[in-house]
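A.B. asks: Numbering (the numbering used here), first residue to last: 6 to 551.
Among the clues, some could well be false.
Each computed EDC-like pair below joins lysine to aspartate or glutamate, with the alpha-carbon atoms no more than 20 Å apart [to be verified]:
(1) 198 - 185
(2) 546 - 252
(3) 260 - 210
(4) 530 - 185
(5) 198 - 175
(6) 530 - 109
(7) 530 - 136
(8) 530 - 512
The set of hints was computed from the structure by calculation and includes no laboratory data.
It should be emphasised that the depicted structure is a prediction, and the values quoted were computed from it without experimental measurement.
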Amino acid sequence: MRSPLRRLAGLAWVLTVGACSLDVINENNPDTDRVLATPADVQSLLGGQFTRVHSCLYNSSTSVRPQMNVMSFENFSGNANFGMSNRSGIPRAGIDNTLGNGFEGEHIRTWNICSEAARVAANILRRLNAEGFTIGSAGLDARARAFAHFVKGVAIGYLALTYDSATVIDETLDTQAVPELVGYQDAMNEAIKGLDSAEAVATADGSGFPLLAAWISGNALTAPNFIRVVRSYRARFRANVGRTPAERGAADWTKIIADATNGITANLDMTTGGTTGVNNTWVNQAYVFTNWSQMTPFILGMGDTSGGFDAWLATPLGSRAPFTIVSPDLRLPQGATRAAQNADTPIPFALATRRYFRNRLAGEDATPGGSWGWSAYDHIRFYDWSITRGATGAFPFFVVAELDMLAAEGYLRAGNVAAAVPLINKTRVGTATSGGGLPALLTTMSATDPVPGGANCVPRVPVAPAYTSTACGTVLEALKWEKRLETINTHYGAWFFDHRGWGDLVEGTALNWPVPTAELLTRLKTIYSLGGVGGPQAAAKGTYGY
């Protein structure tokens, strides 16, 4: 199997599993003893591994991230690039995983690079555990060990979120072994173990902290703040691993609440661009707009109070056309007409306001793919970062609002509406310069009460059984609206992971990606595909009848 393995996956696969012998020196694997010979070697290699995980998720648009966006309506594009047109069509097609499929490169990127980072972190842990080895002090050893556990946990966690199966890599695994596949839940359990270990080690001895700033691109975290980051990722992973509403409901929400309420207290900004910063390639590409990115009304239309969204839903799918979304939510363009909204959200003026979206000028409209995907709306929250600053400087890859909504969701699932409401109101109501400016939810509301606002309530959600009209959403729908608007384009799979667990994906959407073909071949496993209406591991018709 070595020849086809090299041909199909190339050097990235070799970096991941170290299973093939090449006549070149591999800095990550397999010459582990040489690469990790000295304390300086260990610290140098370790310091780049979270950046490597970040590369796994963000450094290229040739990945599954653009596909996740169109599959969850976080974005719409009919472009063939990166598999977007293949994944955005309705009815949904499955994910073709056959040998030679057109998107093998996108499909395997997350697997290759995150697996590599997990392997390197495990090798570093093995070296740190070697008798007599030290970075220089017990505190520095603890810092290195905690960070290696963190890297390994995050890398495996994203594999578990993305694929239906993944590999478990730890410091006991031989450096040349090809790890066996396990189901996504077992893989996530291993990721959580890594994060648990990171927290435990940093709690026991934080004297070697802070982290070097370059380790998390501009964040010289103290031990307590590092632990907050660990807990934030752990909350995200526990909540998002579920593929269905039943699985998401079965998550340990008590632990999710505990982590979310003890996670980061300010957005985790990372330095991007330049010679040392990380990248965020897809968001930068999306801000080209034209055929690359626009907001379909399927989700953004829930902010409309004019009746336009109802009329759009009542129109046959293939005949739907853009309409003006009139919303009291101040993150959306204000005004009753397109002209008024154009005046409200010109570039660059809109960048200095609380608007997250613009109504573009008619001459900039693009109409790729199905007409149900078209609108006049673009996401512009990070336009200044992308265009004005040239994709450099600070970018929020983890926002506090995500943790607020995770905690709120946990409280709602526990029947504690009164505890959830203040967290939702933080962005729903907002301040004089930020947030939605919407009527506050009341702590006396029940879980089934409609949100306040009457005919002007937000969000308005499609009503069963026909799903051709809307009604005011519940507290949970208000939570979902806030989480969508506050996390859009902030991180990998932001809407996709939530939507599959909430049951909000379009019928037939694949719930995850199959193990890449090259990985199956090297393990002598049968190649398989996933998703499509009636196909394996595909979304059922969900909350909104989509």
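A.B. asks: Tell me, which hint numbers fail for this structure?
C.D. replies: 3, 7 and 8
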